[in-house]
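Novice: Next come the chains, spelled out residue by residue.
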Amino acid sequence: MTGTAWRARAIQIGFVVVCVLGWIYVGNARLISPIFLPRFDRVMTELLRIVSNGTVFVYLGVTLFELFAAYALALAAGLTVGFLIGRSRFWVAVFEPLLNGIFAVPIVIFLPLFILFLGIGIESKIAFGATYAFFPIVLNTIGGIGAVDARFVTVAQSLGATRWQMFKRVLLPAALPVIVSGIRIGFLIGFFSIIGSEMIAGLDGLGSQIVQLGEGMNTAAMFAYILFVILIAAILNTLLSLLQSRFNRVAAAS
Amino acid sequence: MNLAMTDRAGLRLSPGWVRAGIVVLAVVAWEVAGHTILDPEFISPPSAVIAAFPRILADSDIRHAILVSFYELLAAFGIATVAGIALGVPIGLHRFTLRSALPLVLLIYSIPQVTVLPLFVLYFGIGPASKIAFGVSHGIFPILLNVVAGAQTVEPAHLKAARSMGAGRLLIFRRVVLPHMVPSLFSGLRLGMSATLLGVILAELYGSQAGIGYYTQVFTNSFDPAGMFALVAVLAVMAIILNEIVRRAERRASFWRVTAR
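Chain order of the listed sequences is A and B. In terms of the numbering used here, the first sequence has 441 at position 99, counting the first letter as 1, and numbering is strictly consecutive. In terms of the numbering used here, the second sequence has 275 at position 260, counting the first letter as 1, and numbering is strictly consecutive.
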């Protein structure tokens, strides 16, 4: 990391420390009812308890299972459709505005339909997460292939490349950075929409657990679960950006 | 570049027409399927959805719900816009604030907002306030980040020139900073608009007794898909109208760019 990046990180850590100190102060001075803001130490004890006795991992397992199932569907569909459309400028011009338009409508409004069709179990969460994750993947795949320098394609064609060679040697490597960033955004959007759908109508998983604790006015445990989800999201995000930058370095070297 | 495709018969097809054709085909397929294979308790053909419009618009509760959602959306978008500009301009204009405040904005933005949705309901109640607040929390970040990016493009020389000619802060903002930011501001506004809509609808679905999000759930639970789709269409129209307003404002605000070309 460069100097500015270190400084930014230091500021962020300092901010978190200040927030935690403020939280402890507010809890000690009893400025806010513990139902609205539970004491910091109680939340931490709760967090340690759910992690050490493993309850949180049961819910995490359900949510991650939904996420990976949804993501597998979205990847397969998004990459296939994206490549099929992205190969031809004509079909890109036909479909890109259409897909962008659909993505602009909040798909969450159809969540009641997903629940109606697939029930309140994990199936509706998988389908909903897959729908949300599909769009960034397909749009970035189309965009990535569309942005491949036309000269590369012409050169490969004039050298007599077959369709498969064109795909493997020209289109795929040149489009990959953009596609990979779509794949990453799709993963995160899929994660958040699954948590959201669990909250709105779910029986299991982290999202529904947060809501149930909140409805039981057990705010300390609810805060612990929320912190846990934020941590998981941060870990997933860091892993993905590490993968992405490693990937881009390999791609740039080859 | 000419994107028209010539088929074997020599007919030239433009992408726009093909797109319209696909949409029409999809609607026809939906209509046919709605009368044959689909369960009418789960999904209705487009004709039934259109027929449902007068019915749902005649219901004063639903008219009220549409107004409530529109009010929440407008309020949230307004607050997100004002706050996004008010915070983004000072952050983007100075190196010191950029380096110290931007990391904080990015840190807060990295928190997945859905996870804190129950907190918004806890603090703001189940009325419109929690929807507006949640909408603001979604909408403000795209606006703020784009404003920051836009403010960074302002030429320091222009700022210096304006200052040396004795322009006050407000005048500098209106005449120098704002015109420079127009392109990124408006792309932020458009992103912020759809993010706000997402936040408001999410909060309405999560817990409320009013608004479009609530009634879509009511319609779905009472096996009235035609009413549900009609409401979604109302929502889509709402989103399109607001998007169009932003686009028009963009064209008006960037008139000088066109004449400069």
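Rather than coming from a laboratory, the hints here were simulated on the basis of the structure. All values reported here derive from a predicted model rather than from experimental measurement. Wrong hints could be hidden among the right ones.
[What the hints assert, rightly or not] Reference excerpt, derived from the structure (chain B facing chain A, CB under 7 Å, subset only): (1) P118; (2) L119; (3) L122; (4) S202; (5) L206; (6) S209; (7) L212; (8) I216; (9) A251.
All C-beta atoms, glycine included, are put in the ideal place defined by N, C-alpha and C.
Novice: Take the hints in turn and mark each one as holding or not.
Specialist: Going down the list of hints, with the structure as the test:
1. Because the closest C-beta pair between B/P118 and chain A is about 4 Å apart, less than 7 Å, the hint holds.
2. At its closest, the beta carbon of B/L119 sits 5 Å from a beta carbon of chain A; the interface hint therefore holds under the 7 Å criterion.
3. Of the supplied interface hints, the one on B/L122 holds, with its beta-carbon coming within about 5 Å of a beta-carbon of chain A, less than 7 Å.
4. Because the closest C-beta pair between B/S202 and chain A is about 13 Å apart, greater than 7 Å, the hint is violated.
5. For B/L206, the suggested interface contact is broken, since its CB lies about 10 Å from the closest CB of chain A, more than 7 Å.
6. The closest approach between the C-beta of B/S209 and any C-beta of chain A is roughly 5 Å, which is under the 7 Å cut-off, so the hint is satisfied.
7. For B/L212, the interface hint holds, since its Cβ comes within 7 Å of a Cβ in chain A; the closest pair sits about 5 Å apart.
8. Taking 7 Å as the C-beta cut-off, the interface hint given for B/I216 holds, the closest approach to chain A being about 5 Å.
9. Of the supplied interface hints, the one on B/A251 holds, with its beta-carbon coming within about 5 Å of a beta-carbon of chain A, less than 7 Å.
Hint violations for this structure: numbers 4 and 5, all remaining hints satisfied.
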